[in-house]
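S.K.: For reference, the chains in residue letters:
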Amino acid sequence: MPVSTRYGLIYTVLAAAVTLVLTGLAGAQAQGLAELKGTVVFSSDRSGPWRLWLVNADGSDLRQLTQGEGEENDVDPVFNSDGTKVLFSSTRGGKIGIWAIEKTGGTPERICDGDQAEWSADDKQIAFRRDKRIWVRTLASGDEKVVSPESFPNCSGPAWHPKEPSLTFAARWDGGNAIFLMQTAGGEPTKVYDKKGACEPHFTPDGALIVYETETNICTIQPDGQKNRTITFQAGVQRYGRPSPDGQHIVYCQGVTEKGPWELYVVSIKGGYPVKLTEGGSDMNPDWK
Amino acid sequence: MSPRVESQTVARVVLVLVMCQICAFAQSSVNQVIQDTGPIFTYILDTGVSSPSRLAPNIISDKAGWTLLAEDDRDHAFAGDAILLNDRIAVAIRREAAGPEVYALGEKGPVYRATLTAAAVQDDETTMLERVEIVENTNGAVEVNTEYKTQQDKLVSIVYRLVTGQIHIQSTPKVGVDTFCVEGQTNFLVVPDFFADDIVYDARLGNEKSLPLPAENFFFHLSGDGSSIITCVWQTTDRSSRVVFAGEGEKRAIARSEGECVADKHIWVAFAEHANLWHARLLAADERNTDVALEWRPPFSAKWRANLVTDSEVAQSWNFADAPAAGHEARESDATANPCWFANSTPYIHPPAFKSAPSLLAVVYPIDRTQATPLNEFLLVDLMRSTLGVGPCQYILDVEGLDAQTAPTPALVCEYVESQLRKNKSRQNPTAMRERIGAMAGHVEQAEARVTAYAALSGKIRAIGGGALTSDNAETREMVRILDDLEATIAQLAPERRSPKDAKALSEQLAGLTDQASWQDSFERVNAELRAIGSAQDRTLAKCRMDLRRLKQYCLSVEKRALSSAPLAQKIVACINDAFQKKE
Chain A
1 MPVSTRYGLI YTVLAAAVTL VLTGLAGAQA QGLAELKGTV VFSSDRSGPW
51 RLWLVNADGS DLRQLTQGEG EENDVDPVFN SDGTKVLFSS TRGGKIGIWA
101 IEKTGGTPER ICDGDQAEWS ADDKQIAFRR DKRIWVRTLA SGDEKVVSPE
151 SFPNCSGPAW HPKEPSLTFA ARWDGGNAIF LMQTAGGEPT KVYDKKGACE
201 PHFTPDGALI VYETETNICT IQPDGQKNRT ITFQAGVQRY GRPSPDGQHI
251 VYCQGVTEKG PWELYVVSIK GGYPVKLTEG GSDMNPDWK
Chain B
1 MSPRVESQTV ARVVLVLVMC QICAFAQSSV NQVIQDTGPI FTYILDTGVS
51 SPSRLAPNII SDKAGWTLLA EDDRDHAFAG DAILLNDRIA VAIRREAAGP
101 EVYALGEKGP VYRATLTAAA VQDDETTMLE RVEIVENTNG AVEVNTEYKT
151 QQDKLVSIVY RLVTGQIHIQ STPKVGVDTF CVEGQTNFLV VPDFFADDIV
201 YDARLGNEKS LPLPAENFFF HLSGDGSSII TCVWQTTDRS SRVVFAGEGE
251 KRAIARSEGE CVADKHIWVA FAEHANLWHA RLLAADERNT DVALEWRPPF
301 SAKWRANLVT DSEVAQSWNF ADAPAAGHEA RESDATANPC WFANSTPYIH
351 PPAFKSAPSL LAVVYPIDRT QATPLNEFLL VDLMRSTLGV GPCQYILDVE
401 GLDAQTAPTP ALVCEYVESQ LRKNKSRQNP TAMRERIGAM AGHVEQAEAR
451 VTAYAALSGK IRAIGGGALT SDNAETREMV RILDDLEATI AQLAPERRSP
501 KDAKALSEQL AGLTDQASWQ DSFERVNAEL RAIGSAQDRT LAKCRMDLRR
551 LKQYCLSVEK RALSSAPLAQ KIVACINDAF QKKE
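Residue numbers (this note's numbering), protein chains in the order written: chain A, 1 to 289; chain B, 1 to 584.
Only chain B is shown next, with the shape it has when bound in the complex (with noise of 0.2 Å):
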């Protein structure tokens, strides 16, 4: 062969290699570009023909004939459906949906969760979609804006944005959406408290059709057997919402959450995945009073929640202990030790005995993280940071009027002053020092005149209901309960929450610490006394809160059922929209 045709044929050679490294990259799949991308950034991608039917797990896997939109590209007509992707969730926005369908991608693949679906008015919901049109295409966020035709041909229209990295899809209602609904079928649905007891909804109990759910800006459903937590995060603060039930006996679940809207207010729902992410029990009779060794592991470290749930919607709430509390072994249903804890990486739960109760339920979920918290696991704590922006201690304060920054907490002094009293500080600037003591007595006062304002309220209640609100009749008694349960709490606490003089006093101790060199063994004493008073405020106005919202569902219930109490029901919720009113 001469030297020339040796070279055209290496040429050749080189040439059929290249073109066949070229028309492999044209043609790689839309996977491998994600993949060599970046699976956590934002995509949006054409199906090029529309399902009529939810799309299969392995269709969202294997994104087939699917189109991958440049960066940047909003102009696209749609052949097929729409698909938002990251690498936590995956968004179907089909043409032949009442609203976009939402999977999971966890460690087994795409799983479908929930379908985020509206109605402009009551039951009158999406049923397909209109129009698509892209707002933001970019690897750090995809953006559309959708048109949804109703059952009764009207037009709502909602802006659904995903970020990279997030496992939670931002609705933003726009035009003519009057609710927003979260369908899916889950186990329970948890109205959380950080500072009381949460609200647990066990579908399997009771026979109504939906309940009013006492949630002000969040609630969670449990699903796919432990390993999915759907959490909705509502920006708007004062609107209604309710869990809506489906199926009998066994085959009970509930089937959806929804709630009312408000124009250009957003909603999150972050879909929250991991096996072994919720655990569920029910604790048989002989088990009450004991203690219980979970078969369940919690999958990573977390701060973990039990609920310990009665026949009562309200459970008894308790954060696991890192290692049994003294004397939790002597505890019946009024104690206060913590009944739920970790030895040897095993959870354990001391049920009361609740004698009353024929059936108890523990519910355990993750609430806050911990320093070994793995960074991509997103608990509820971390929604509320990344979503209304603020923390549970910030968000108590906010919807309860109380501001931190004038007149600062218990908590947040006392660590000031530690620290500053560590370094020596108290003799460089004690007027500042002082100043922040006396704030936080400020704060104790307010806090209390909270908790009196919500007894006062309990007590016109009761003026306004006078001999009509009574545990004799059926429609008027849950009202009651919820009346006693909020006094109750308010007497209970008392001792705890102590008086504003007490703490006036405690924090001119504390303003005495400043001038005396050894200070560590009086600080120690009047630190722990004044966070007491702070965390019994904190839970006394919680629960509070919490019960009000509960009775105002009630009644809306009550209003909306047409029944015979109707009239005082709508004055009770008058009253309680007036007292939340003045207060925010």
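Just chain A, same shape as in the assembly (with noise of 0.2 Å):
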């Protein structure tokens, strides 16, 4: 090939591709749902209790995964890593327990006392929060453990780092709250972060930065503390931020007060005008596989 013709070529390739950064960026801000893969699972009362729903991310095929008799309520729902299963807190029973469902439905399966849990990320353990404190449980042999120190007396959602054998968490005392990072095997818990009542933290799927609320927001941080960034900042309360798989992408739920009621949103991860998820009823908890 002349070098003429191969320079033609290269600056052709050179013009589509600024042509396609210049596009991409004005389109990912017009990007709406249609083009969001996966399944959010989240809690609702739109059928009356507390039960666990499911909802393509584009919006579509809405339906309900959990059914029960009388006023049990289902809430916090997460996936495991394929996203066959889905670990929720119910009052079933009459005491708060950890239970967990296929994603097609059946029967659910108690598995112990306890609240707010998550899966690790090889399924094999769950973390969660019983008598406000973080306990880990793995699952083959029902063997426990508390994680967390015994000066963290008010700690809740425990959320696993996807890469090490590492948690966070948020802990409230009287001055209020903050999240902190903690080793599995345990030791002294590290601040994140403790302003503005920052709680319900989240790794995204690559571990770089962990999703959290504020009173009002849902912010993304580094778990070193650092590039403390308001992902949303609309009026009314957001809460329950939780990735999308990819990690672009925030699900969360926005109230008219911090009562709710609450719909489901969805952000780029980087910020921007979210798209509304869901509407009708008040939809919390939401996850994301």
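One thing to keep in mind: the hints can contain errors.
Unchecked claim - Far from chain A, by Cβ distances over 12 Å, these chain B residues were calculated:
1) 59
2) 65
3) 134
4) 212
5) 299
6) 369
7) 382
8) 502
What the hints assert, rightly or not - Ranges between beta-carbon positions, derived for each pair:
9) 344(B) with 81(A): 24 to 34 Å
10) 109(A) with 75(B): 39 to 49 Å
11) 574(B) with 131(A): 40 to 50 Å
12) 131(A) with 108(B): 55 to 65 Å
13) 174(B) with 227(A): 17 to 27 Å
14) 206(A) with 574(B): 55 to 65 Å
15) 139(A) with 73(B): 47 to 57 Å
16) 224(A) with 145(B): 17 to 27 Å
17) 520(B) with 69(A): 16 to 26 Å
18) 521(B) with 69(A): 20 to 30 Å
19) 102(A) with 512(B): 42 to 52 Å
20) 502(B) with 280(A): 51 to 61 Å
Hints were generated in silico from the structure; no laboratory data involved.
These numbers come from a predicted model, not from an experiment.
For each residue, glycine too, the CB sits at the ideal point set by N, CA and C.
Got two chains here, each in a separate frame; can you build the complex from them with the hints?
M.R.: The following block contains the structure:
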């Protein structure tokens, strides 16, 4: 191929690349739900008591996952690593406990006492809250241990690091809330952020960021406490942010006040204009796989 | 043409096109880059040349010759003026200005709204920028540390922070700042009270150069002929603030508001912008005691509040109802039925006669959200939540030192009990329900004790004043009037507050419902009565607190003017401070 032609091709490719980059940036802002993949599980009171529901991330195929008689409430659902099972908290049987159900439905199985549970990256363990402490349970053996120090009396919302044996969680004391990092083997937690009522931390799939909530907004922060960034900015209250499987978006709840009612929205993890995912009833505690 | 020449020609054409595209990319306007990246994000720009005067709106819009700083560039040396930007406000930090100049970015483009200035000591105000350095420069937030020179050559430093998509700029005084000011001509200033009546300052009334503001954490300016609300939220409660007027007659306007600063404590100034965002209308004498349909229409769904302002700053404040209240036609000035409502989307006001008031003004503004309020409209309650971190209910409990965690309010407990009763939970855990109901009775008792303390404080102040505190004296007349107001509120709302004994009896009835299969009818009655007690307590506490703040500010002004009653005023201020500090 002549040199000049080769340059021509190179420039053509360059021009195409520049065009793609520019249109891609613009397109990313305008993107709605249509291109989003995966399934969002959430708890909703749209059928009466709080039950688990599923919806495709593009907003289609809304369906109820858990059924029940009476007033038991199913909340805090979270997918396992391949998205085939859902762990959740429920008052079924009269006492708050951790349950699991297949994504396709069926009969839920009670695992243990506690709430706010989450799977480890290999699905072999779960971390959860019991008596305001953080516990880890090995599912095959049923072995359990407390991992949060005694000096942290009000812990909540443990979430596993996707690649390392560590957890992030929130703790509350008289002065306010903070989010921490802690090795699952134990040891003193390290503080990530302690302002504006920070809680509900959750790692992005690559472990590079923690998605968390303040009193009013969803934010991201690096595990070392740097690059703190407010992602949602709307009026009202935003809660329960969870990253998408590709780490590019966050699904969260938008409420009129801190008491709700709540609707699910999706926003780019870099921020931007959100898109409404659900409406009707009050929809909370989303997780996305 | 040979194939080789043809391919060379094609290559040249492509090269030219590519160069054009690259040049266009390199020269693409700052606006285009911001548009592509996302206008809601935060940016820092350098205007290239420092402007000797305030920037015209088209300069802000065009950004011609401006440099957009790359994210994380914190070492930039500004050749011109610094601009902080998101999609709602632009903040121009000019070298030759006394403080950042804020433009609201509304539907019609940039509109200058206010300048945020400061003073090192009283009357030693900032004059020009000495230094600006970038603290944070990301798409999520931008923050700069500034140093301004004052008239007496002192240096004061303030940090300014702007966050993605927000309508407020956060100011944090650092070194040498005594007073923080929001300068800009506005029509009205409102000190809102969620549970009682607002205080509304109308520049056209009175002839004082300034007035002390009985505000604790927030107040707002209404400006722009209905299109702009500038809200100031202060992180600190214990400080004084005032409103300053300028001009004469019809041209008299509010020139600025200002307040004392505490180092490292934030002040947030929010710029809400929307056509018809607020409305003011003088009500003619023949419109009193009639249904008046306003020509103004609310621009979006919200909870709208009307203030009826006579010749006193203390307004009668009402939230618009969705429909006219029964009996509203027969209302007089002391009536309690709501005189503001919507009918077929038209807002109506039925102003009481106010026979003694020569002037009657209605001022309408949005105070809180409904589910249909657009997410990009930030109302007063939104600003409270995003700055102070609490809503109105928690706010009044916090400032009154009442702990809703250990002693929950009647509204919280009734809501909890109803949800449990509906789920038949009472039979599963009646102990927990009874504990919360018992704790609620404790809350009612604590709140009533606060009311009693306010009544005692009023008595103590009267005792301090002795014979000098009289309506016959022009200087002390206002003090007596405020104390009369406070005591009248406590007395007038006493039947609605009832007694802690009544509340305890009601709470026992509520607890008794947990054992009953048919609880609905009894619950409705008990729920309504308990909530009414809680609401009356909230209103009484809020009103008493506002009255004492008014009294304190009035006494401070007497002290400052060194009037003959200054020693008495000083004692009253000390008494109020002592009472507030004991509680807080």
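S.K.: Taking the CB of residue 206(A) and the CB of residue 574(B), does the distance hold inside 55 to 65 Å?
M.R.: holds, 60 Å
S.K.: Can you tell me whether the CB distance of residue 139(A) to residue 73(B) sits inside 47 to 57 Å?
M.R.: For residue 139(A) and residue 73(B) the Cβ distance comes to about 49 Å; the hint holds.
S.K.: A range of 24 to 34 Å was offered for this pair. Does it hold for the Cβ distance of residue 344(B) and residue 81(A)?
M.R.: Roughly 56 Å apart at Cβ, these two residues miss the hinted range, so it is violated.
S.K.: Compute the least Cβ-Cβ separation between residue 382(B) and chain A, then decide whether it is above 12 Å.
M.R.: violated, 4 Å
S.K.: Lying within 17 to 27 Å: is that true of the beta-carbon distance residue 224(A) to residue 145(B)?
M.R.: holds, 23 Å
S.K.: Taking the CB of residue 131(A) and the CB of residue 108(B), does the distance hold inside 55 to 65 Å?
M.R.: Roughly 58 Å apart at Cβ, these two residues keep to the hinted range, so it holds.
S.K.: Looking at residue 502(B) again, its CB stays over 12 Å from all of chain A?
M.R.: Given a closest Cβ separation of 27 Å, the condition holds.
S.K.: So is residue 212(B) really clear of chain A, every C-beta pair being over 12 Å apart?
M.R.: holds, 31 Å
S.K.: Since residue 65(B) was said not to touch the interface, does its Cβ keep a gap of more than 12 Å from each Cβ of chain A?
M.R.: Holds, because the least Cβ-Cβ distance between residue 65(B) and chain A comes to about 22 Å, which exceeds 12 Å.
S.K.: Given the hint of 51 to 61 Å, is the C-beta distance from residue 502(B) to residue 280(A) inside that range or not?
M.R.: violated, 41 Å
S.K.: For residue 369(B), is the shortest beta carbon distance to chain A beyond 12 Å?
M.R.: Given that some Cβ of chain A is not farther than 12 Å from that of residue 369(B), nearest at about 5 Å, it is violated.
S.K.: Using the C-beta atoms of residue 174(B) and residue 227(A), is the stated range 17 to 27 Å upheld?
M.R.: Roughly 23 Å apart at Cβ, these two residues keep to the hinted range, so it holds.
Going through the hint list in order, the structure does not satisfy hints 6, 7, 9, 10 and 20.
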